[in-house]
Amino acid sequence: MFGMNADWSLEVFERYFTIGDYAGGEARWCPGCGDHGVLTAVHKLLRDEQVPPETTVCVSGIGCSSRLPHYMGTFGLHGLHGRALPLACGIKSRRPELDVWVSTGDGDCFSIGTAHWIHAIRYNMDMTLLVFDNGVYGLTKKQTSPTSPLGFKTNTHPGGAILPPLNPLTVTLGITNVSFVAQVVDWSPPLLYEVIKAAHRHKGTGFVRIIQRCPVYAEALSKSLQNDPDRILLLQHEKGIPIDPSVKRQFANFIDHDPSDLSAARELAQDQSRVPVGVLYHNPDAPRYEMLSSKGVEFTAKKRLAGLNAALDRFTI
Amino acid sequence: MEASQVVEAALQAELIHEHIVEIVSDSGEGAQKAGQTFGSVSARMGNGVWTVEIIPAEIKPPARSPAGASGIRIRLGSKQVTNMGDQADLVVAFNEQVLYSRIANGAYKAGTVLLIDSKWREDPVAEVQAQYNRALVEFRENGLIVHELPLEQACREITPNPLVGKNMFVLGMLCRIYSRDLDIARNEIATIFKRKSDKVIEINHLLLQAGYDFARDNLNFQFQIPPQSGLEGKRFIVTNGNTALGLGVMAAGMELVSMYPITPATSASHYLADVFHEVGGFVHQAEDEIAAIAFAIGSSFAGKTACTITSGPGLALKTELLALAVMGEIPLVLAVVQRGGPSTGLPTKVEQGDLLASIFGEPGDAPKVVVAAATIEECLHFVVMSRRLAETFRTPVLLLTDANLATGQQPYPRPEPSHEWLAPHIDQTDWDPNVPPYDWDPETGLSPRPIPGMVGGHYVLTGLAHTNESKVAYDSKSNQLGCDMRSRKMAALAGTLKPPKVYGDPEGDLLVVGWGSTLGAIEEAVDRARAQGHKVSSLHLRFLSPLEPGLKEIFSHFRRVMTVEINYSDDLTAPLITPENRRFSQLAWLLRAQTLVDVDCWSVVLGAPLQPGMIHQVLLRRLESLEG
Ligand SMILES: Cc1ncc(C[n+]2csc(CCOP(=O)(O)OP(=O)(O)O)c2C)c(N)n1
Ligand code: SF4
Ligand SMILES: [Mg+2]
Numbered sequence: 010m011f012g013m014n015a016d017w018s019l020e021v022f023e024r025y026f027t028i029g030d031y032a033g034g035e036a037r038w039c040p041g042c043g044d045h046g047v048l049t050a051v052h053k054l055l056r057d058e059q060v061p062p063e064t065t066v067c068v069s070g071i072g073c074s075s076r077l078p079h080y081m082g083t084f085g086l087h088g089l090h091g092r093a094l095p096l097a098c099g100i101k102s103r104r105p106e107l108d109v110w111v112s113t114g115d116g117d118c119f120s121i122g123t124a125h126w127i128h129a130i131r132y133n134m135d136m137t138l139l140v141f142d143n144g145v146y147g148l149t150k151k152q153t154s155p156t157s158p159l160g161f162k163t164n165t166h167p168g169g170a171i172l173p174p175l176n177p178l179t180v181t182l183g184i185t186n187v188s189f190v191a192q193v194v195d196w197s198p199p200l201l202y203e204v205i206k207a208a209h210r211h212k213g214t215g216f217v218r219i220i221q222r223c224p225v226y227a228e229a230l231s232k233s234l235q236n237d238p239d240r241i242l243l244l245q246h247e248k249g250i251p252i253d254p255s256v257k258r259q260f261a262n263f264i265d266h267d268p269s270d271l272s273a274a275r276e277l278a279q280d281q282s283r284v285p286v287g288v289l290y291h292n293p294d295a296p297r298y299e300m301l302s303s304k305g306v307e308f309t310a311k312k313r314l315a316g317l318n319a320a321l322d323r324f325t326i
Numbered sequence: 341m342e343a344s345q346v347v348e349a350a351l352q353a354e355l356i357h358e359h360i361v362e363i364v365s366d367s368g369e370g371a372q373k374a375g376q377t378f379g380s381v382s383a384r385m386g387n388g389v390w391t392v393e394i395i396p397a398e399i400k401p402p403a404r405s406p407a408g409a410s411g412i413r414i415r416l417g418s419k420q421v422t423n424m425g426d427q428a429d430l431v432v433a434f435n436e437q438v439l440y441s442r443i444a445n446g447a448y449k450a451g452t453v454l455l456i457d458s459k460w461r462e463d464p465v466a467e468v469q470a471q472y473n474r475a476l477v478e479f480r481e482n483g484l485i486v487h488e489l490p491l492e493q494a495c496r497e498i499t500p501n502p503l504v505g506k507n508m509f510v511l512g513m514l515c516r517i518y519s520r521d522l523d524i525a526r527n528e529i530a531t532i533f534k535r536k537s538d539k540v541i542e543i544n545h546l547l548l549q550a551g552y553d554f555a556r557d558n559l560n561f562q563f564q565i566p567p568q569s570g571l572e573g574k575r576f577i578v579t580n581g582n583t584a585l586g587l588g589v590m591a592a593g594m595e596l597v598s599m600y601p602i603t604p605a606t607s608a609s610h611y612l613a614d615v616f617h618e619v620g621g622f623v624h625q626a627e628d629e630i631a632a633i634a635f636a637i638g639s640s641f642a643g644k645t646a647c648t649i650t651s652g653p654g655l656a657l658k659t660e661l662l663a664l665a666v667m668g669e670i671p672l673v674l675a676v677v678q679r680g681g682p683s684t685g686l687p688t689k690v691e692q693g694d695l696l697a698s699i700f701g702e703p704g705d706a707p708k709v710v711v712a713a714a715t716i717e718e719c720l721h722f723v724v725m726s727r728r729l730a731e732t733f734r735t736p737v738l739l740l741t742d743a744n745l746a747t748g749q750q751p752y753p754r755p756e757p758s759h760e761w762l763a764p765h766i767d768q769t770d771w772d773p774n775v776p777p778y779d780w781d782p783e784t785g786l787s788p789r790p791i792p793g794m795v796g797g798h799y800v801l802t803g804l805a806h807t808n809e810s811k812v813a814y815d816s817k818s819n820q821l822g823c824d825m826r827s828r829k830m831a832a833l834a835g836t837l838k839p840p841k842v843y844g845d846p847e848g849d850l851l852v853v854g855w856g857s858t859l860g861a862i863e864e865a866v867d868r869a870r871a872q873g874h875k876v877s878s879l880h881l882r883f884l885s886p887l888e889p890g891l892k893e894i895f896s897h898f899r900r901v902m903t904v905e906i907n908y909s910d911d912l913t914a915p916l917i918t919p920e921n922r923r924f925s926q927l928a929w930l931l932r933a934q935t936l937v938d939v940d941c942w943s944v945v946l947g948a949p950l951q952p953g954m955i956h957q958v959l960l961r962r963l964e965s966l967e968g
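So the protein sequences, as listed, match chains P and S.
Heads up: the first sequence is residues 10 to 326, going by my numbering.
Heads up: the second sequence is residues 341 to 968, going by my numbering.
Simulated from the structure, these hints should not be mistaken for lab results.
Please note: incorrect hints may appear among the correct ones.
[What the hints assert, rightly or not] Distance condition first, Cα-Cα at most 27 angstroms in a straight line; then the derived DSS-like pairs of lysine-lysine: (1) K212/P <-> K53/P; (2) K838/S <-> K875/S; (3) K574/S <-> K312/P; (4) K53/P <-> K811/S; (5) K534/S <-> K312/P; (6) K449/S <-> K419/S; (7) K811/S <-> K150/P; (8) K150/P <-> K232/P; (9) K875/S <-> K311/P.
Isolated chain P, as found in the complex (with noise of 0.2 angstroms):
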C-alpha cells in the first residue's frame, strides 16, 4: 500500500495504547472512595509508561481495594484474602519478564497477610506493591484493622479500638533487604501519581502506603488529616521525585529527605506526631529474587532432557 516497504509498514502498525486499553469494568467503589483516584494513577501511569496490556498483571487479595483488577484492562488475579503477595512472587517467578502490580488493603497486607508482606520485602521481587490504607475493614462494614487508631469505633470494638496501631513503615523499613518505601494520601493526584511512578520505575518491590479515605466507614480519619494538612509533612529532594508546585501548595510543611538514607527514613517513620507523604527510601540495588528463581528458564527441551537423563543416569544400576 502506498509503496511502503514491509519495514515502513511494521512502524505504521507500532501499538499506541490508550487509556482506555488499561480500563477494565466500572469501578463500583463507593462515591467519595479514595480508591477511584489510585485506579485513575495507574490508568494513566501505565499509558505513559506504554505498558503492553497483556504483559501486566494486577493481583490482590480480597477487600474493596482488591477490586482493582476488575477494573483494569490487564491480566489479573483476583485471589484470596492475604495472598496477593505470595501469587504474585509465584507469577514473577519464572516470568520475570511481566510487569506486576499487588493491589492489597490494611486487613489484607498488615493482618491476615502479615507472614507474607514481610517475607515479600525480603524477596524484593520487581512488583509494585500499592496498600490501600484505610485504617478500616471496608468490605466485610467496618470492623478494627491493624492501622485503626486507638480508641476509632467499629463494629468489632464499638467501644474503640483497644491496641494502639500497628506502623506500617517502621515495620516495612526493618525489613531486610527493603529497597522502596513510599507514603502518599489519595487526596494529591499529581503527588499519588509521580509515587506510583517512582514505585514502578523501582528495580525491586515498590511498597507504597496510600492512605486512603472511606467515607462511609472510617470518615472521620481521613477528614482529620485532610482538616490537619500540617500534620503532612512532604519529603523532598534532588534524587527524590519531582514535586508539582500545586503539591507544595497543598502541603505546606516540607523537608529535604535523601532517600538513600535508611535511618533518616526510619527516624521519620517512627515519629508519631507529622505524616510523612513522598519516599522515604529507595535502594535500586538490593538484591531480586527472580534473578535466582528465573535461572534455567530458557533452557531448551533439549537441554533440559539431557539433565534428566544425567539424573537417571546416577541411579542406574
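On the provided structure of chain P, position chain S with the ligands as indicated by the hints.
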C-alpha cells in the same frame, strides 16, 4: 575377591529364595547407609529388593535406648519384592537395647539369627554389662539364635574410630553371608564417598574386606539368593519414593517446586534442591505452606504449571488456595506424602489418612483429580501424568504417596523420557478476543486457557462465582453453571479411564480393595490365601477422584468386598460400636457411597506399613466368618 572365590563361596552356600535382614543401632552409627548399599549391591546382582528405614522417634535419642532404634530393613529375593515382608531372618545389632522396640513391633520370630556386638559384655559400667546379659537371656528365651561377635574390636584393627567405620564392616559381613560380589560393593562405596578423599574410600574398602573375612572365619553359615530371571538387557534404577517424585517433577518438565519443609515430604525437595538446576528448575522454600501453594498457583497462572509437595498438616493449610485453583481452573500438581495424623500426629510414620481430606477437604464443592501411587516407580510416572491431567483438565491434581513409599527403596525399570513428557513451551500466540476465558464445552466442561502475554487474552481470574467471561456473578444461574462445568470435567476424565484389573480370579468369595503403598503386601497376602485354596482376589485403585469405572459390576461377582487400609476405622467388636454407628476406613466410606455396596473394611493406625502376614490372617478370619 577373585571370581573363582565367588563361585566357590556360592557352591557352599545354602540356596534360599528370599531373606529379610535388619541392621539396628543407635542413630548416627551409619546403619542406614550400610543397608542401602547392601540393597543396591543386591539389586545390581539381580535380586528383587525393598529397603525400609527404621527411624527413631526423636532426632537425637539417648544412646542405648529402646526408643532410639535406628536402622534399616532390607528384604531381598529371587522375585520382585514389593513390600517389607513379615519377620526378619537375620538381624545385626550394635547394642541390645535398641532391639527391644523392634521385638515389641513383632519384627522377629523364633529362629531369627541375631549377630550382636559383644563389646557390652566387658563394658566398664557394671549396669550396662548386666543389662546386656539380661537381654541376651531374654532374646534366647524368645527363640533368637544369638551370635555374640566382637564387631567393634575387629574394626579397631583398621580404624581408630570404629564408631564411624563399623557400618562398612557390617556391609562386608553381609556381603559374605549373602555371597555378594565384593567388586560391586567396592564400586558402590566409591560412589557414596566420591565427594570425600581417596583416603576415606580406601579405609572403607579395607573395612568392607575385613568384615567379609571376619564373617567367613567366624560364621558357619552362608546363603545364596539367585537373581530374578528375565532382567537381561533391561536397565534399572534404584531410588526411594521421594527421589522418584523429584525425578518425576523433572520428567514432567515442571520448572518450579514451591514448598515448606515437612516430614516425610521434605526429602523430595532436598533431592531437587541438589539437581533441579541441571534441568533449569528452581525450588522455592516459602514462608509457610499457604505461601508455598500460592506461589505455585501464581506460576501456574502465568503459564508454568508448578508443583507443591507437602504432608498432612501442610495439606490442611493449603485448603483455601486449593479451592481457588479449583474455582479459577488453574493447573497445579500437589504431592501429598502422607504421615500419621491428625494434627502433628506421627511425623515420620506411614498412614493413609488424607484420602478424604484430599477429595473433600475444601468448604463448598471443589472437584479435583486425586490419584495415588502404589509403587515407587509410580511415584515418578504419576507426576508426569498429573502434570498432563492438570493442564488438559485445567485443574489441580493431588498425587498421594506416603512415608512408606517415601523412604522405601526399590529397583525399577529406568524411565526413558521423551519430549512428550515435558511441559510444552508456553503458548504466547494471540488469543481470539471473541473466545471467553472459560469457553466451557458443555459436554466435557473443558476450555482452553489464556496465558499472560497473549495479546487479547486478558481476563481477571477470581475466586468469586463467575461467568464464562470470568466476570463476578452472584446470580443463581451462573453459579449453578460454573459448578456444573467444573464437576463435568471429572465425569469427562472418568470416561477416559478403564475399569481396574482384578488380581486373581474375577469372581470368588472375597475381594480386597486397596490403594496406595499397600499394593505389594495385599497381593502377597492374597497369593498366600489363594495358595491355600481360598477364593480371594484383590483390586488396587489409582484414581480416587474421579473413581475408576465399573466398580459396582466388579464387586457383584464376590460374596464380600472389603478394603484394607492404613487409616482409622472402628472395630465392630469394640465397645459401643454397632453396624449403624461404625466409622469406616476412608476408601470404604467412598466405595460405599459411590457403589451402594455394603463394603466392609479392615484398617489399623499402627504407624507402620502393613505386612503380608498380618493381612493374610485378616483374610482368613473374614473368609471363616463368611462360612459361619
Ligand atoms: C480467609 C478469609 N477471612 C475473612 C474474610 C472476610 N474478609 C474479606 S475482606 C476482609 C477485610 C478487608 O479489609 P482490608 O484488607 O482493609 O480491605 P478494604 O476492604 O478496607 O479495602 C475480610 C475480613 C475472607 N474473605 N477470607
Ligand atoms: S466501603 Fe469504604 S473503602 Fe470500601 S468502597 Fe466504600 S468507601 Fe471505599
Ligand atoms: Mg481497609
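Going down the list of hints, with the structure as the test:
Restraint check for K212/P and K53/P: the C-alpha separation of about 20 angstroms stays at or below 27 angstroms, so the hint holds. Of the supplied pair hints, the one linking K838/S and K875/S holds, its CA atoms being roughly 24 angstroms apart against a limit of 27 angstroms. Pair hint K574/S plus K312/P holds up; C-alpha atoms about 25 angstroms apart against a cutoff of 27 angstroms. With a C-alpha separation of about 24 angstroms, the suggested pair K53/P and K811/S falls inside the 27 angstroms cut-off, and the hint holds.
For the proposed pair K534/S and K312/P, the alpha carbon gap of about 25 angstroms is at most 27 angstroms, so the pair holds. With a C-alpha separation of about 23 angstroms, the suggested pair K449/S and K419/S falls inside the 27 angstroms cut-off, and the hint holds. Distance hint between K811/S and K150/P is fulfilled; the C-alpha atoms sit about 23 angstroms from each other, no more than 27 angstroms. Between the alpha carbons of K150/P and K232/P the distance comes to roughly 19 angstroms, so the proposed pair stays at or under 27 angstroms and holds.
Distance hint between K875/S and K311/P is unfulfilled; the C-alpha atoms sit about 51 angstroms from each other, more than 27 angstroms.
When each numbered hint is compared with the structure, a violation occurs for hint 9 only.
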